[in-house]
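Colleague: Order-wise, the sequence lines are chains C and H. Residue numbering for the first sequence follows numbering that gives the first Met the number 0, starting at 0 and increasing by one per position. Residue numbering for the second sequence follows numbering that gives the first Met the number 0, starting at 0 and increasing by one per position.
Incorrect hints may have been included.
Stated by the list, open to error - Okay, the calculated bits of chain C under chain H, using three or more residues with CB under 8 Å as the criterion:
1. 18 to 31
2. 74 to 88
3. 94 to 103
4. 127 to 134
Bear in mind the hints are in silico, worked out from the structure with no lab data behind them. Virtual Cβ for every residue (Gly too), placed ideally from N, Cα, C.
Below, each chain spelled out in residue letters.
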Amino acid sequence: MTTAYALSDTRVMIARCLRRSLRDPEAFFTALMLPVVLMLLFVYVFGGAVKSGGTYADYVVPGLIVLCAGFGAGTTAVAVAVDMSSGIVDRFRSMPIHGSSILAGHIVASLARNLLATALVIAAGLGVGWRPTGSPAAWAAAVAMVTAFILAMSWLAAAFGLLVRSPEAANAATFVLMFLPYLSTAFVPARTMPAVLRPVAANQPFTPVIETMRGLWMGHTSTGAAVGHEAWIAAAYCAVIFVAAFAAASWLFRHRTAA
Amino acid sequence: MTYTVNASGICKAFGGKPVLDSVDLAIETGSIFALLGPNGAGKTTLVRILATLVRPDAGTAAVAGHDLLADPVGVRRSISLTGQYAAVDDMLTGVENLRMMGRLLHLPPREAKARSADLLAAFGLTDAGARRVKTYSGGMRRRLDLAISMLVKPRLLFLDEPSTGLDPRSRDQLWGFVREFAADGVTVLLTTQYLEEADQLADRIAMLHRGRIVAAGTADQLKSSLGGEVVRLQFADPAGYRRALASVPAIRTDERLRTVDVGTDGSAAAVHDLLGLLRTTGAPAARVSVERPSLDDVFLSLTESSAESSSESSTESSRATSSRATEKASTR
Chain C
0 MTTAYALSDT
10 RVMIARCLRR
20 SLRDPEAFFT
30 ALMLPVVLML
40 LFVYVFGGAV
50 KSGGTYADYV
60 VPGLIVLCAG
70 FGAGTTAVAV
80 AVDMSSGIVD
90 RFRSMPIHGS
100 SILAGHIVAS
110 LARNLLATAL
120 VIAAGLGVGW
130 RPTGSPAAWA
140 AAVAMVTAFI
150 LAMSWLAAAF
160 GLLVRSPEAA
170 NAATFVLMFL
180 PYLSTAFVPA
190 RTMPAVLRPV
200 AANQPFTPVI
210 ETMRGLWMGH
220 TSTGAAVGHE
230 AWIAAAYCAV
240 IFVAAFAAAS
250 WLFRHRTAA
Chain H
0 MTYTVNASGI
10 CKAFGGKPVL
20 DSVDLAIETG
30 SIFALLGPNG
40 AGKTTLVRIL
50 ATLVRPDAGT
60 AAVAGHDLLA
70 DPVGVRRSIS
80 LTGQYAAVDD
90 MLTGVENLRM
100 MGRLLHLPPR
110 EAKARSADLL
120 AAFGLTDAGA
130 RRVKTYSGGM
140 RRRLDLAISM
150 LVKPRLLFLD
160 EPSTGLDPRS
170 RDQLWGFVRE
180 FAADGVTVLL
190 TTQYLEEADQ
200 LADRIAMLHR
210 GRIVAAGTAD
220 QLKSSLGGEV
230 VRLQFADPAG
240 YRRALASVPA
250 IRTDERLRTV
260 DVGTDGSAAA
270 VHDLLGLLRT
280 TGAPAARVSV
290 ERPSLDDVFL
300 SLTESSAESS
310 SESSTESSRA
320 TSSRATEKAS
330 TR
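Same shape as in the complex, but just chain H (with noise of 0.2 Å):
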């Protein structure tokens, strides 16, 4: 296994305050890995230290093979970092943005028009490409920022919070995007705030909290983390949903809406003895549904209890987390 990211023990503080602390990362060569948390959480300055803009207090890291610290310029060749706002000129065309990024990658002019031309087309500004940035739309930007990145083709593509502002339409296309740079051998390292974008792009997804990662592994392993899947059942009448509720195992309840939420593991035996007993106890269900924990409720109850309890017994957890979901993975 390669690692196009090996990160240990960062930490940063600004100010005093703490805002990355001992953040381990190991990224696989060619994958999309997510870096999820809210605003805040450490994202954008763990993007940061890895893009060389800001040196780490403390911790090692190797980009592409080079040493974050000894060979930033090693780095340099070969990230490509788009910013949380689209990092692109304005005021210049799209041509004139391109040609000006191939010019500062040192490509020969020449090739830096023809690769320019060919970008453009391949991601729909062909049209746009003589036109000032400033009338984009924020998809054509994101657009035009990707193009930049694939200039020359990266060995790390930073995307910070790549969906942020943009359409739903504009989005899917962003993604598609991603996963054509990743089938492509590029990796990707992306942050988001979106649970739903981690769990449909990143093969890996580290959840960083407070300035440290709190759950690591895939989506599965993460959803897994929280115990099995759950069944959830309607009731017609409050008649049958107390009925229900004196005769199974309820782990969650709504009088409102008279649903039922019983755990299980997702076999279709278990369903089918669950629905029958129902009906013995005179409380048929009207609908029911198989659910799997969403990345939201891992990151729900993840934050939360690192909230209410004291930071170590966090702490503890995600390392047993994580090291679980390293284990998993070195055995695939």
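So that you can see chain C by itself, here it is in the shape it has in the complex (with noise of 0.2 Å):
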């Protein structure tokens, strides 16, 4: 009977965050106008400088993910902290329904954003001549990759939602977010930077994980290191971070929606 509530509370939850996903425009429009615009100024601006070895499109649509699906989970940052700065969650709370269905709430309406968002990318992509060769498996195990890096991401902005409060500082988040994927092997492989930048590109979070999907998708990674070894490497970056920023984001929504 309490699952039943807990899975009834978090659908309505969900429900809930979808529709504000849907109302608020100006970030939906954003939200889908991104990974096209991206892809174009990427693909038919700064592409042609790029030695990527094969076409530009076929290089950085994996990036482009990334970008789009981690700015994305970040605006999960301003939807947490707009609910905890209005008076909703404290009525939620005092109501008998599960605490841990507002959070998740936010998380499945991320999820679903972002793979929007994801698929976007990838008609995007295919419409500027992204030519992927991967398997079905490989395409499974790709879109498997995005949705864990997706969901790491969600929580690590849930968390960082409820540590700021204000709606303002927690779009820094989505800032931050946007901006790492550049410090990545996103746009250009790790080769072509200043030997002081290699090191961080070739080791940040976002670099298993667009390698783990460059080398599903097209045979093989830009680093030159065995899909297997990247996907290793990423499964690890999100596990970490997803478990952390759950624990974290749990504990701060207990802690915050009770002073």
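Combine both chains into one complex, guided by the hints.
Modeller: As structure tokens, then:
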């Protein structure tokens, strides 16, 4: 009975967060336009100057997925902070509902939003000449990779939103998540960067996620490492971020709503 | 006598600063109880503690028969909280808000839908039901807030500063609904900084000042704690004013307005005698009014005394006041 209620509460909260996502026209438009505009920009404006070994579309799609999904997950921080600064969470918390359903609603809505953004990047990529060679199994693995990434980033953003509380400050999360891909192998191979940046780009968490998808879709990574190797590192990063952010968000939620 | 809220010794400090200092509270079932106090007195903290949002540092409380700490879920099933800022979702429509809350209260979908339609009608929101709450006026948001609270009739309804930001018409409307709830058997705990609101609505009032209840009782009990009534005499000219000053025991005067306040027991005979005395001294009063002290007077006298004297003595007097009030209430 309690499990049934927990599921029902979570379903209601997911519906609420999805409705709110759809009704913020500015954010929704940005989330939809970003993949398309960035794809055109990178492939047609910058792409010609990048020596990536192959067409630039073939190179850049995983990077843009991580950029768009990261940015989209970052907006979860704002959504959570908006909730915390309004009276509605108090009301929810004074009702006989499962407290976990409130954050779960935000996370699932974030997953839905950002898988949609991922689909748009893929569609735009195919439109500008991206020709992935991966098998259906490789596609499934790549989608699983991006899902795990979105999940980890959404929890991280939720924890950040709970930590800073104000929607304006929470906006910084989107900035960081949108900026980090530039210091990864998203847009250019690490070997083309200055020596100082190379280890940063090679070792920051976004790179293995991007390289895993690149390897799965195109058959080779830009770092020269095996896909399996990158996948292990990416999975470890996502798992650690997920567990830490989940624990932090749960703790913060209990304490922030009880002050 | 049954009590919906029975709290004793509630203490809470934030960052070492005491916000509530050993607060006792007993609220009779079906009554409207006002927690009156200025900003920062601890009203909202007390509400949040009783609504299970904040754990008290010390003290015990039972809400609708459920122990606050041992059975918070039981408490949550019995209460409804409307916050200082209407606790509704701006981005959803009125109907969506109601149905969402109905589903969260575990009403079956069909019932949630039916109740939502009924409540929109009852609170005059049928036409606005399909609009987003963002477009609502303050009064409409409050009404939606109350409608949500009535999805499942609560045993205890918290109204945290319900009339803040409302125009007088919306406020009167709100008061009407609150009286209806109480008549319907819902116990209401409202916080307010408006003495008039407490005076108009509440069966009993507790005055909270710096985390302590400095007085408690009915509005009448609190007013009579300041002594009897006051006859205010106003004189047509300064000469009459001065002659009157010399002949009656004034408790308060205002030279500019030429008014003299005299203590009285409120009887017609006493006022008659007073006016007769003034006529014989050649200072007939131009205007006369008989006034009871307002809750403002009570509140100001209590908070001033506790600001001036040591906090110990003010606690003594408040204990005396509240115990007297309790005795009176229990003999009713």
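Colleague: Hints first: check each against the structure and report whether it holds.
Modeller: Results for each hint:
1. With a cut-off of 8 Å between beta carbons, the region 18 to 31 of chain C has 4 residues touching chain H; three or more are needed, and the interface restraint holds.
2. Coverage of the region 74 to 88 of chain C by chain H holds. Counting CB-CB distances below 8 Å, 3 residues qualify, and the rule asks for three or more.
3. For the region 94 to 103 of chain C, the assignment as covered by chain H holds, since 3 residues bring a beta-carbon within under 8 Å of that chain's beta-carbons and 3 suffice.
4. With 0 residues having a beta carbon nearer than 8 Å to a beta carbon of chain H, the region 127 to 134 of chain C misses the requirement of three or more and the stated coverage is violated.
Hint check: a violation occurs at hint 4 only; the rest are consistent with the structure.
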